[in-house]
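Novice: Taking the hints into account, I'd like the entire structure generated from these sequences.
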Amino acid sequence: MAKETFCEAEERRFEKFKRFGLPHSFKKIGIAIVIIGFIIMIVGKIADFNTLSLKFILKRVILVGLLIAALSKEKVEDEMIRTIRGQAFSMAFIAGVVYTLVQPLINYLVSFVAKDDKSLLEDVGDFQVLWFLLTMYLLFFYMIKKRL
Amino acid sequence: MKNRIKIERAILDITQDELAKKIGVSRQTINSIEKGRYVPSTVLALKLSNLFDKPINEFFFLEETD
Numbered sequence: 001m002a003k004e005t006f007c008e009a010e011e012r013r014f015e016k017f018k019r020f021g022l023p024h025s026f027k028k029i030g031i032a033i034v035i036i037g038f039i040i041m042i043v044g045k046i047a048d049f050n051t052l053s054l055k056f057i058l059k060r061v062i063l064v065g066l067l068i069a070a071l072s073k074e075k076v077e078d079e080m081i082r083t084i085r086g087q088a089f090s091m092a093f094i095a096g097v098v099y100t101l102v103q104p105l106i107n108y109l110v111s112f113v114a115k116d117d118k119s120l121l122e123d124v125g126d127f128q129v130l131w132f133l134l135t136m137y138l139l140f141f142y143m144i145k146k147r148l
Numbered sequence: 001m002k003n004r005i006k007i008e009r010a011i012l013d014i015t016q017d018e019l020a021k022k023i024g025v026s027r028q029t030i031n032s033i034e035k036g037r038y039v040p041s042t043v044l045a046l047k048l049s050n051l052f053d054k055p056i057n058e059f060f061f062l063e064e065t066d
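Top to bottom, those sequences are chains A and B. For what it's worth, UniProt numbering labels the leading residue of the first sequence as 1, then goes sequentially. For what it's worth, UniProt numbering labels the leading residue of the second sequence as 1, then goes sequentially.
It cannot be assumed that every hint is accurate.
Calculated lysine-lysine pairs in the DSSO-like style (CA-CA distance at most 27 Å, straight line) [stated by the list, open to error]:
(1) A:Lys75 - B:Lys22
(2) A:Lys145 - A:Lys28
(3) B:Lys35 - A:Lys73
The following residues of chain B were derived to be distant from chain A, with all beta-carbon distances above 12 Å [unchecked claim]:
(4) Met1
(5) Asn3
(6) Arg4
(7) Arg9
(8) Ala10
(9) Thr15
(10) Glu18
(11) Asn50
(12) Lys54
(13) Phe59
(14) Glu63
(15) Thr65
No lab work stands behind these hints, which were simulated from the structure alone. Cβ coordinates follow ideal geometry from the N, Cα and C atoms, glycine included.
Specialist: Right under this line is the structure:
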């Protein structure tokens, strides 16, 4: 009897974890954080006050904003939204892997064609991969939702 | 998969929104089911069955491609 109760409790905790999400209002907050982060980055580049530490902080702020937007629930969370969420995550993951494989080659080809002396095969940075993953997830989610 | 959800809903004389609220989903989900773009889960199909008071295979039909 005690073992069954422990299993049920584990199942309940797992279900709660599966259905975790921030309230719907957080989506706008997440998008606002991303936009503000990008604007500060662009302004910093133009006005030339982008220090290394500021770039480091801004990149993480943008990632947090994207994560908040990705984890936010829809107005009505039902089984169809959960299905769409799962499909969007798997498509974004595959897109992320392809991006990581292909992007360095594209960068190298472009710099080779542009006859850039510094053309090297460089790995994609962590920020780029995570930013791409989260952005693709949000794009796929809304594309699939619109199609349904 | 084909379905007669729209017809069954018309028999009950309720809107998509009302049907959605009765079974705990969004109006968009009902619309997607009626248009055949989304296949509901077993639980949702059983809820519809209870509401329409008919067995599931009287409003959901398999197609040859299924």
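Novice: Each hint should be assessed against the structure and marked as holding or not.
Specialist: Hints and how they fare:
{"no.": "1", "hint": "A:Lys75 - B:Lys22", "result": "17 Å, holds"}
{"no.": "2", "hint": "A:Lys145 - A:Lys28", "result": "18 Å, holds"}
{"no.": "3", "hint": "B:Lys35 - A:Lys73", "result": "24 Å, holds"}
{"no.": "4", "hint": "Met1", "result": "14 Å, holds"}
{"no.": "5", "hint": "Asn3", "result": "15 Å, holds"}
{"no.": "6", "hint": "Arg4", "result": "19 Å, holds"}
{"no.": "7", "hint": "Arg9", "result": "17 Å, holds"}
{"no.": "8", "hint": "Ala10", "result": "22 Å, holds"}
{"no.": "9", "hint": "Thr15", "result": "15 Å, holds"}
{"no.": "10", "hint": "Glu18", "result": "14 Å, holds"}
{"no.": "11", "hint": "Asn50", "result": "16 Å, holds"}
{"no.": "12", "hint": "Lys54", "result": "21 Å, holds"}
{"no.": "13", "hint": "Phe59", "result": "18 Å, holds"}
{"no.": "14", "hint": "Glu63", "result": "19 Å, holds"}
{"no.": "15", "hint": "Thr65", "result": "19 Å, holds"}
Of the numbered hints stated above, none is contradicted by the structure.
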